[in-house]
Structures are given as C-alpha cells and as structure tokens.
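Enquirer: Below, each chain spelled out in residue letters.
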Amino acid sequence: MNEKNINLSIDIQGLKLKNPVIAASGTYGFGREYAEYVDLNDWGGISVKGLTLEERIGNPPPRTVETPSGMLNAIGLQNPGVHAFIQNELPFLRRFDTAVIANVAGNTAEEYATMARILDKADIDAIELNLSCPNVKKGCMAFGSTPEGIFQVVKDVRRETRKPLIVKLTPNVTDITEPAIAAQEAGADILSLINTLLGMVIDIHTRKPVLANNTGGLSGPAVRPVAVRMVYQVAQAVSIPVIGMGGITSGKDAIEFILAGASAVMVGTWNFADPACVKKITEEIKAYMIRYDISDLKELVGKVEIY
Amino acid sequence: MNEKNINLSIDIQGLKLKNPVIAASGTYGFGREYAEYVDLNDWGGISVKGLTLEERIGNPPPRTVETPSGMLNAIGLQNPGVHAFIQNELPFLRRFDTAVIANVAGNTAEEYATMARILDKADIDAIELNLSCPNVKKGCMAFGSTPEGIFQVVKDVRRETRKPLIVKLTPNVTDITEPAIAAQEAGADILSLINTLLGMVIDIHTRKPVLANNTGGLSGPAVRPVAVRMVYQVAQAVSIPVIGMGGITSGKDAIEFILAGASAVMVGTWNFADPACVKKITEEIKAYMIRYDISDLKELVGKVEIY
Amino acid sequence: MTKWNSGIVLENKRIRSTDIYIMKVRLKGDVDPSYPGQFVNIRCSKGTDPLLRRPISILRFDPAENIFEIVYEVRGKGTQYLSLLKQGEDLDVLGPLGNRFCLKEEYERIAVVGGGIGIFPLIHLLESLPEKVFADVFFGFRDSDRILWEILPKKDNIKLYISTDDKSFGYGGFITDLFKENTSDKKYDAVYTCGPKPMMKIVAEACMAKDIECFVSLEERMACGIGACLGCACRVQTENDKIGYGHVCKDGPVFNARKVVL
Amino acid sequence: MTKWNSGIVLENKRIRSTDIYIMKVRLKGDVDPSYPGQFVNIRCSKGTDPLLRRPISILRFDPAENIFEIVYEVRGKGTQYLSLLKQGEDLDVLGPLGNRFCLKEEYERIAVVGGGIGIFPLIHLLESLPEKVFADVFFGFRDSDRILWEILPKKDNIKLYISTDDKSFGYGGFITDLFKENTSDKKYDAVYTCGPKPMMKIVAEACMAKDIECFVSLEERMACGIGACLGCACRVQTENDKIGYGHVCKDGPVFNARKVVL
Ligand SMILES: Cc1cc2nc3c(=O)[nH]c(=O)nc-3n(C[C@H](O)[C@H](O)[C@H](O)COP(=O)(O)OP(=O)(O)OC[C@H]3O[C@@H](n4cnc5c(N)ncnc54)[C@H](O)[C@@H]3O)c2cc1C
Ligand SMILES: Cc1cc2nc3c(=O)[nH]c(=O)nc-3n(C[C@H](O)[C@H](O)[C@H](O)COP(=O)(O)OP(=O)(O)OC[C@H]3O[C@@H](n4cnc5c(N)ncnc54)[C@H](O)[C@@H]3O)c2cc1C
Ligand SMILES: Cc1cc2nc3c(=O)[nH]c(=O)nc-3n(C[C@H](O)[C@H](O)[C@H](O)COP(=O)(O)O)c2cc1C
Ligand SMILES: Cc1cc2nc3c(=O)[nH]c(=O)nc-3n(C[C@H](O)[C@H](O)[C@H](O)COP(=O)(O)O)c2cc1C
Ligand code: FES
Ligand code: FES
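Residue numbers (our numbering), protein chains in the order written: chain S, 1 to 307; chain B, 1001 to 1307; chain Z, 2001 to 2262; chain A, 3001 to 3262.
Read the hints as simulated data drawn from the structure, not as lab findings. Hints are supplied without guarantee of correctness; some may be wrong.
DSS-like, lysine-lysine: derived pairs with alpha carbons at most 30 Å apart [as the list claims (entries may be wrong)]: (1) Z/Lys2003 / S/Lys279; (2) Z/Lys2046 / S/Lys252; (3) B/Lys1280 / Z/Lys2077; (4) A/Lys3180 / A/Lys3046; (5) Z/Lys2024 / A/Lys3046; (6) B/Lys1208 / S/Lys208; (7) B/Lys1279 / A/Lys3259; (8) S/Lys286 / S/Lys303; (9) B/Lys1303 / B/Lys1279; (10) Z/Lys2003 / S/Lys286; (11) Z/Lys2013 / A/Lys3086; (12) S/Lys16 / B/Lys1004; (13) S/Lys280 / A/Lys3046; (14) Z/Lys2086 / A/Lys3086; (15) Z/Lys2132 / Z/Lys2013; (16) A/Lys3180 / A/Lys3210; (17) B/Lys1303 / Z/Lys2197; (18) A/Lys3210 / A/Lys3024; (19) Z/Lys2046 / B/Lys1208; (20) A/Lys3077 / A/Lys3154; (21) Z/Lys2197 / Z/Lys2154; (22) A/Lys3210 / S/Lys252; (23) A/Lys3077 / Z/Lys2003; (24) S/Lys4 / S/Lys303; (25) S/Lys279 / B/Lys1016; (26) A/Lys3167 / A/Lys3186; (27) S/Lys303 / A/Lys3077; (28) Z/Lys2024 / Z/Lys2242; (29) Z/Lys2250 / S/Lys208; (30) A/Lys3197 / B/Lys1208; (31) A/Lys3104 / A/Lys3167; (32) B/Lys1286 / Z/Lys2046; (33) A/Lys3186 / A/Lys3197; (34) A/Lys3186 / S/Lys279; (35) Z/Lys2242 / Z/Lys2013.
Estimated spans, in silico, between C-beta atoms of each pair [claimed, not checked]: (36) A/Asp3030 / B/Arg1207: 45 to 55 Å; (37) S/Gln87 / Z/Pro2198: 33 to 43 Å; (38) S/His205 / B/Phe1096: 26 to 36 Å; (39) B/Phe1092 / A/Asp3211: 33 to 43 Å; (40) S/Glu305 / A/Asp3143: 30 to 40 Å.
Quick reminder that beta carbons are idealized off the backbone N, C-alpha and C, glycines included.
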C-alpha cells in the first residue's frame, strides 16, 4: 500500500467528492475569505454559509462566545440571499476543484421549496437543508425538531430538485433516529449531522447572557462525543448515507466518524483555530489507511465493532 | 459588606444547606474517599453515589474516557445497595456538618418506591431520584425520557416519603421543560439538572468503542453551556426550586447557574481535577457577593436579565 | 509574499511589575507587510482550550527583518498562555488582518486618543507618522505604573497628554475630559481613537460636532478573524440610513465614526 | 503529615534523545511517606483540556528531603504538558496513591519482570530491596536507545536480564521468553511484574503453574485516582468465585495475580 493506490474519493448518491472532507456551513463563508490562507482545492467540498430566500442582516452582536473546548454562535443566518449567492459568490467558488453545497434555511416549507427550485438550476453539486439552526426565531429548528415537520419540508423540496438532497439534523432531540427516518422517508438522499447544541452563557458581571440572542449553538470539540454517538445511531437506523460532523480537528477524529457510519465528514469550528486543517486531516486519513493497508476509504464506513 | 454579613445558607423546600455547593452524585463516592484531601465540612451537601435496591457490580471496564474539556463515564451504578449504604456509609458521613442526599435509581417504579420507603426512615436530608442515568440497560433513563414515565415514578415515590424529594433530569430530550413540569405535577419538591449527555468515543486503532458499554455519559466543562441553558429554561417553566449542575469549576460558573435560576449547585467532574475545589468555589462566591454588595445569595437566584 | 502563519518568539518580557507584556516575533517565509491599525490572530493553546485565537494589535512591523511586535495585557487563559512563551518557541499567528488607519496625504494636524489596551494600535500609527504631520496624543492609563514609557513615542512632532484614573500621574480623571479641555480651540484634520467604547463614543461625538473626521478602532469577540464566520458584527449605518452589520475583523477594526453605531 | 498536594519542579530532563523524561519534585508541607508500587496523580493543564489528572508511578521518594522522582514517556497532551515544565514551576500532584508491593519479611529470592513504562514502579521496589533479598530482574525495552541505564539499579543482590523488541541489545525478543528460559529451574518466593497486559498474563500464568506468589501492577484509565468515581475497574475474583470489580487506584495498582482476571 502506498499513497498512490489510495482512494479517498466517494460518490454519495450522486454527490461526487474527491476526498471526504467538507467545510461545514457557516464556518467557511463562501470560501473567498479563506482563499488567501488555504488552497481551496484541498477540500472535498464546501458547504456555503446558510442561504435564505431574501437577504438577512443577522442577529445583533455579540454573536459568539468561547466555551470550554467549544463556542456558541448566534449569527442568525446573515447572508446576501440565494440569488446574490448564485450571482456573486458561486462563480468564484467554481474556479476550484471542489464540490459546492448550497446550505439553505427557510421560514416556511414553501420558502424551502422555492429555494430548491432556484438552486436546482444553479451550478451546484448538492443542496443541504438546514432544518436545525437554533438561532433564528421562525422556521428552521422549529421544523427540524419534529419528524412531521421534517417530513413535510423534505417532501416539498424533493419535488423541486433532482440534485443530491442533504438534510441536516439538529441534535436537540430525544431520539435522533426519528427525524432521520422521517427525512429518509420523505426522499432525502443524504443526512448530515450534527448541527449545534443549544446553549447559553451568562456574564456574571453584567448579569446578562453574553449573546444578544440570549442562546446560541454549541459547536467544536466539546460536542464530539455526542456527535459520534448520534452519527452511529442514525447510520444504524437508515439506509441512506450520512455525513458526520461535530468537533472534528484531525484525521483521527474524522476516522472516528467514518467508523461510526459517516461516508464523509464536515469540519466547522476547527477552521477558526487552524485554517490549514483540511490538508492535515486528509494527510492523516491517508497515513491511517497506509498503516492499516486500506486502499479504499469506503471499506471503513460504519466499521466500528460494537461490544 | 464584609465576609461576616454574608448569608450563603439556603433552605430549599426543607433541605437546609449552609452553603449552596453540593458534591454531585457518582463523583464523590460516599465522601470517605475524599476525606483525606478535603474537609468534608466545607460542602453544603453531598449527594452520594447512586444507590439501587440490591448491590450492583457495575459495568465492565473501560468505564471512563476523557474527551475535550469533558469525560464520558459508564460506571453502571456500581454500589453496595441501599441497606449497606445506611449501615456502613451513612454513619461516617453523619460525622460532618453537611447535608446528605441519597441518590437512587431503580429498574421499576416499584423499586424506586421501595427505596424511598427505606430511606424515609434513614438519617438523610433529601432523596434525589436519578431518572436519567444513561449507563444501565433497564429503567432509569427509560423512565426519565418521557414526561409520563417521570410522572408515574415520582407519584409512586412521593407517597412513600416526606423527605425533600429531588428529581434529577436527563438533558437528552427535545424539550427539557416537559419532564420538569411532569415531575413538579407529580409532587417533586426540587429539580436537579443536568445529568450527563449521551456520547460515544471510538478507538480508531481497535475500531471499537473505548467504553465497554459502547456509550457513556458526557460531563465536565464541555457541557456547561447546555446545562446553563436548560437550568434557565426549567427555572422559567416551574415554580419549585432547581439545583443546577454541569461543568462547574469555579465560583464564577456557580454564579452563572444561580443567575440562570438555580437555588444551589452541584459540582461533579471537576472534583477529579481539583479535589479541593469546594473551598475555592465558596470563597469566590463570597468575593463576588462582597464586590456587588449582596448580603444574601437568594437575591441572585434567577436574576439573569434576558435581552 | 504571503499572509503570516508562523513565527518564532525572539523576546517576550513583562513590563516592570504590570500584567502587560511585550513580545517580539520573527515571521517565517516571505511575508506581506503590515500597516498601522492591523492586527494578528494568535493561537493560544496546544490543545482545544482555549479553542479560539486571540486578536492582538500589531505594535510595530519591521519589513526588513520580518519582525513584528505586540503588547498585551494578561486577562484570561489566552493571554496567560502567551505570557508563558519563551524565546525560541513557535508562534502560530495569522496576519496581517483587518484594514488600516486612513491617513491622508494632505493631513497636517491630527489628534490621537487612546485608553488602556487601546493605545497599542495607535502607537503603530504614531511611529509611522510623516514628520510634517503634527499630533496631539491623549493617552489614559489606570495608574502611573501602567504608563508604558517604554513604548511611548518621543518625537518632535508629537505632543503627549497623559491622564491616570487614580490621579497618580498627569491629569487625574477621564482622558476624554483632558482631550476636550485641550482641543476646544483646535481644528484637526482627523482624530484617531481606540479604547473603551464609552471613551470612543465621547471622542467621536465631540469630533462630529465640529465636523472633524474621526476614526475609531473597534473590538469585538472574534472566532475566525478573517471575515468568514460573521461573528464579530458591529452596527453600521447603511446607505439608506438603515442599520446593518459590518465586521470588525474584515471591514474594520478601523471605522469612520460617522459610519458606525457606537 | 498529610497527603501530597503540591510541589515544585527541581529538575525535568529528557533522557538522551528518547521521548522519556525524568522529573524531580520537592513537595510542600509535611507529607506522608510513599512506598514502592504507589503512584501520583498529576494535573496536566492550566485550563480544562486535558481535564483529568494523569497517573504516574513514583520512581523514588526521599523522606528526608520531601523529594520524589518520576519517569514518564510523552504519549499525548498530558505528558507533553509535563515535559514542558521548567525548574521552579509548581506541580499540582496528588499522592501517594494506591497500595504497595507486598514484600514479606521471609522472602529471600524474587524475580521482577517489567516492560516499557512498566519498569518504573519496579525500580522503586528494587531500590528499596533489603540486602539479603536476591532479585533476578527481567526488563524488556523497545530498542537499545530506550534502555534507561540512567536509572537501572546496580546492586550486588540484583541480576539484570535485558531484552529488546528490535534485537538491538541483549536478548532479541519477548521478555517473557527470556524470563521463562532463565527461570525454569528456579523457585522464587515471589515474582513482581508490571507492563503490557499480555506480558503480565504470561508471567502470572507461569508463576501460578509453579505455585509462586505473583504480584501484578495494573494500569487502567482513571478519573479521580482516589477510589471515588469507580472508573478504574478491573475484574477480580470474589470469594464465591464470581467475577466482581476491584479498583486499580485504591485496591491496586498491585494485585495478587491469583485474585485478578488479566
Ligand atoms: C482587533 C483587536 C485588537 C486587540 N488588540 C489588543 C492588544 O494589542 N493588546 C491587548 O492586550 N489586547 C488586545 N485586544 C483584546 C484581546 O483580544 C483580549 O484581551 C483577549 O482576547 C483576551 O483573551 P484571554 O483568553 O486572555 O481572556 P478571556 O478569558 O478570553 O477573556 C478575558 C476578558 O476579555 C474579554 N474578551 C475576550 N475576547 C475578547 C475580544 N476578542 N475582544 C474584546 N474582549 C474580549 C472577555 O469578555 C473577558 O472579559 C484586541 C482585541 C481586538 C478585537
Ligand atoms: C497506576 C499507573 C501508573 C503509571 N505509571 C506511569 C509511569 O510511571 N510512567 C509513564 O510514562 N506512564 C505511566 N502510566 C501511564 C500514563 O498514565 C499514561 O501514559 C498517560 O496518562 C497518558 O497521558 P497523555 O495525556 O500523555 O496521553 P493521552 O493522549 O491521554 O493518551 C495517550 C495514550 O495513552 C493511553 N492512556 C491514557 N490514559 C491512560 C491511563 N490512565 N492508563 C493507561 N493508558 C492510558 C491512551 O489510551 C492513549 O493510547 C501509568 C498509568 C497508571 C494507571
Ligand atoms: C459560526 C457558525 C455558523 C454556522 N452557521 C451555519 C449555517 O448557516 N447553516 C448550517 O447548517 N450550520 C451552521 N453552523 C453549524 C456547523 O455547520 C456545524 O454543524 C456545527 O458547527 C458542528 O460542527 P463543528 O463542531 O465542526 O463546528 C454554524 C456553525 C458555526 C460555528
Ligand atoms: C463518574 C460519574 C458517575 C456518575 N454517577 C452518577 C450517579 O450515580 N447518579 C447520578 O444521578 N448522577 C451521576 N453522575 C452525573 C453527575 O452527578 C452530574 O449530573 C454530571 O456529571 C454533570 O455534572 P459535572 O459536569 O459537574 O460532572 C455521574 C457522573 C460521573 C462523571
Ligand atoms: S471574526 Fe469571523 S467574521 Fe470576523
Ligand atoms: S480512578 Fe476513580 S475510582 Fe479509581
């Protein structure tokens, strides 16, 4: 086994990735910001900042706060809207050899469907439905918390697009397999998880929450054990592929998710600590495969051996 | 304001604490183990290792694994049983000026009730129902995940005891206020939260979970933002007092929970890092009260000012 | 020429008995130059706690030697980590980040108002001031111990006014009062300010009342430091007079006081 | 006399070019003595990552000077943190923890079998061996570089057998084979072993077959280190021949091989 024979590429339901490492939505802007620091070609894919039908200015500051081995964010889906994305951002991203995933969030099932219709005609590789953003008042996580809500939105969206359809799940539920199964039944091609855990930090001196939004979403290494558990549970419960994320910082972490059942992984918060992490992560995955004589990454998916 | 005038004591539904800092169940054994390192009199209270009706030997090893700013445990409620506790452990604990809380877990509602009947006659200050242990196959979290399950167990237990009854909630639910309200309606005097978040760590070299139990409960600073959020939500939803915990390491953290709505706090995992933390935590709380001219801790409970 | 990504600590020393340190770092590689107003974002752990980088203003940059300097106050875990770094150790540093202080060709007389850790980016500005520009500098410190004589610029075209909160040196009281008292009759081409928000607000309002250009350098909690996470939002006036959000790390840290809501 | 809770690093040096370090620490206060087999539990961060203490065996203890020594291999974040500590820095250390190697008055001839980082507690045992007790010592190392000549006991009553995994020194192969080859004809009063589990298992079985007392020193992941969390369980034989759990930090780390399931 040597570097040459190793196959890191994977085709998940038509979403072709040259390697399984994808930038997680909301942590990588539209790629542009990182281009001075990283070769964007290193990524298997980039999931762009969550898009809405119309432009959104987002939540008032403060929007982020650090927590032990993690952070809370309440950006509030600031974005220029789906049309501006297609016009102003997509052409730049398309210059790179990386899959582009459009992450979308809506206030109503109809809005999701409308965006899907628009994006179906755009030069993107997949649509990721954010049914799990905890930082906006309407829609989104409200849908995502019930299997019925998920089923409806996914069904409506499915009608509008033949692009690979990823449904992103919130971890703030009692049983993660229920929304997963609902999404699968409604026609999702792929599931991605986890989005952020709802959290709160209070400033004891001002006696107010640190975030102007009061609560925010917890991400980063702190949540990794919860994410790995949920990816495992979902991979057991559904037959469609899963993209795993939550606190990944290294090839070791990525492989943990892959063994748990993920066909690909997304890296979010860690980009802030180490903008060059994507290269290290893929190199570490390769080294692991060489060490254990594995030529195709697919051989590892879901291969955890439970006690 | 000086040290002398400060009142740290609190009476929560008959549970009298001379200060609001309690050792969390399962992290402090029966107090004995720490007595060589800490003056047990420093604690407002000690919640003992989860008791069952009969002795339990617990789960096979490995039982713990470290995670970023946290740890997973799957001890599996190893304990000598409620009778042995009363006979062999309680007398030692009673030598100290600290409230003793008996934390109990059962396989059936009946078992919970039986233990409550036994403990009602014992020299303890409160009973804490662990309806949220993720590490045993039967009972416990199975009850704790549904409002109906909680209601039934609490109702049955309430009939058997007039001791202050604390119900400990699991955070692994979609809406933490539902079990909280169910417990209140069934007659709980106090709620305590959070227990651990269900998590998993996989060893990429053996390709097995690190814990022989496959999954375990996540605790420590990593979970603090989730815990603060849930304590806030529950304190808003119920009228009975709340004991907050999850990742507390300092007086600052304790005050965060108190501002969120906790009348007292429990400290678990941090004891492992710093066995002498109780003294520091109470000193820091005092220093904060002096700084802000607060004579009675009760003035701070729930005083977070939401945006 | 590339963005900064790593350097080696040449010097890291505490300033007398304060909790303020000055650090000198040599960058690796052929790096972009930096300009007054910009900052670096430094990784402050080997593990995951603290997780996020810490933004620190660039105090000086020597393009010939690829050396930059920062001054920082130890506040929490991140800056404590920095204070423990020894000569020869590696530093993981992103930079130069953010925009610059705008100093127009035609400016002849400026004022600079700084408080606390806000003085550091202003010192970079003052040190690179052309000789023909005169500057009145107003710096406020908590106490006389914290007056950083070591780095205060001494040049003929710079006049220094100092205040201390505890009245232990110079003017006893708010630096904004000292500023107002000494400038009521003066007309600057521009005023530059960095420090606590209430201070900057007073300075900005005084300037706008007299129609003087005022540049404020803001702080906000940051995650990425490069404009990707949209975390470091600050309220700005958009064209149609509505409120929108700018981002301190990318659109700032320096803003025209007229365009930003303090 | 109290339990140990803090000390000052006197010395912390890398052993040649290995990733193994030896550290000397002076304890504060009037502390309990320690005995061979015991360990300390050390806090390895200033923040929350790594969160838990790291257990390390006590290599030596000097009660007159209140100084203890440890030897550790850098494996991950915790031991890396230790390796960066400088002379004069504080160490937050709990100890002495656990039980001791049982060395009965009447013993005259013992064997000691150690592999890798398992040799450190055994060295404490050997250094405190009464002159009248003879010891055959079998130590296995990965390669000749890692043979810690610096701390290997040189005494008349100790005979040293060394193996290396890569055959670069001494016996090339498993230390358990070297042990078996040299002891088939010998009858020890007791055998003490510490190292990888498979190694200890072979030693223990060989001893039990010949009805020799065998003491194994176990490792298990620990959280509290003092018997409170019940995290460090190991399988033990209970009276009625059922399986139960002992706890490495409190009931161990040393167990009679007959009582424990390896
Ligand atoms: C553009 C910019 C330039 C800066 N330049 C300097 C400088 O030259 N010298 C200097 O000493 N400091 C500077 N700071 C402030 C510095 O970033 C914070 O003091 C530092 O991040 C605190 O980190 P910590 O881990 O030590 O403290 P923490 O434990 O993180 O926090 C300690 C205190 O600092 C506050 N804080 C944390 N992060 C930030 C942040 N990003 N901005 C403002 N406050 C924060 C917290 O609310 C808390 O009150 C600058 C900040 C910004 C945004
Ligand atoms: C009673 C006892 C005595 C010990 N004595 C010594 C000694 O004298 N010298 C020495 O170098 N080491 C000793 N160890 C092992 C030492 O505790 C681990 O190497 C250390 O905890 C690793 O920490 P880390 O953060 O550097 O690595 P981590 O990143 O935590 O882990 C690195 C590797 O070590 C393993 N590991 C982590 N914690 C433990 C643990 N508690 N026990 C066993 N393996 C673990 C992990 O699975 C991983 O493979 C002892 C362990 C025990 C239980
Ligand atoms: C600053 C920030 C913004 C985010 N914005 C989005 C978003 O717009 N859409 C989305 O689906 N997820 C969003 N997320 C969630 C991440 O994509 C990811 O699910 C989560 O952070 C867990 O992964 P991590 O621990 O690697 O960051 C955001 C996360 C962060 C930290
Ligand atoms: C090793 C360990 C054992 C625990 N055992 C119990 C238990 O027996 N009963 C219980 O109610 N909670 C148990 N818990 C949960 C804690 O009491 C507490 O709810 C949780 O750890 C969160 O607090 P912390 O972050 O301060 O540790 C245990 C936690 C740990 C780490
Ligand atoms: S810190 Fe991320 S956009 Fe400014
Ligand atoms: S480590 Fe806690 S009981 Fe042994």
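Enquirer: A separate judgement is required for each hint: does it hold in the structure or not?
Expert: Structure-based check of each hint:
no.	hint	in the structure
1	Z/Lys2003 / S/Lys279	holds (17 Å)
2	Z/Lys2046 / S/Lys252	holds (16 Å)
3	B/Lys1280 / Z/Lys2077	holds (18 Å)
4	A/Lys3180 / A/Lys3046	violated (46 Å)
5	Z/Lys2024 / A/Lys3046	holds (24 Å)
6	B/Lys1208 / S/Lys208	violated (43 Å)
7	B/Lys1279 / A/Lys3259	violated (39 Å)
8	S/Lys286 / S/Lys303	holds (17 Å)
9	B/Lys1303 / B/Lys1279	holds (24 Å)
10	Z/Lys2003 / S/Lys286	holds (28 Å)
11	Z/Lys2013 / A/Lys3086	holds (17 Å)
12	S/Lys16 / B/Lys1004	violated (69 Å)
13	S/Lys280 / A/Lys3046	holds (27 Å)
14	Z/Lys2086 / A/Lys3086	holds (11 Å)
15	Z/Lys2132 / Z/Lys2013	violated (34 Å)
16	A/Lys3180 / A/Lys3210	holds (12 Å)
17	B/Lys1303 / Z/Lys2197	holds (26 Å)
18	A/Lys3210 / A/Lys3024	violated (40 Å)
19	Z/Lys2046 / B/Lys1208	holds (27 Å)
20	A/Lys3077 / A/Lys3154	violated (34 Å)
21	Z/Lys2197 / Z/Lys2154	holds (27 Å)
22	A/Lys3210 / S/Lys252	violated (45 Å)
23	A/Lys3077 / Z/Lys2003	holds (29 Å)
24	S/Lys4 / S/Lys303	holds (23 Å)
25	S/Lys279 / B/Lys1016	violated (57 Å)
26	A/Lys3167 / A/Lys3186	holds (26 Å)
27	S/Lys303 / A/Lys3077	holds (27 Å)
28	Z/Lys2024 / Z/Lys2242	violated (43 Å)
29	Z/Lys2250 / S/Lys208	holds (28 Å)
30	A/Lys3197 / B/Lys1208	holds (18 Å)
31	A/Lys3104 / A/Lys3167	violated (36 Å)
32	B/Lys1286 / Z/Lys2046	violated (34 Å)
33	A/Lys3186 / A/Lys3197	holds (24 Å)
34	A/Lys3186 / S/Lys279	violated (57 Å)
35	Z/Lys2242 / Z/Lys2013	violated (46 Å)
36	A/Asp3030 / B/Arg1207: 45 to 55 Å	holds (50 Å)
37	S/Gln87 / Z/Pro2198: 33 to 43 Å	holds (41 Å)
38	S/His205 / B/Phe1096: 26 to 36 Å	holds (34 Å)
39	B/Phe1092 / A/Asp3211: 33 to 43 Å	holds (40 Å)
40	S/Glu305 / A/Asp3143: 30 to 40 Å	holds (32 Å)
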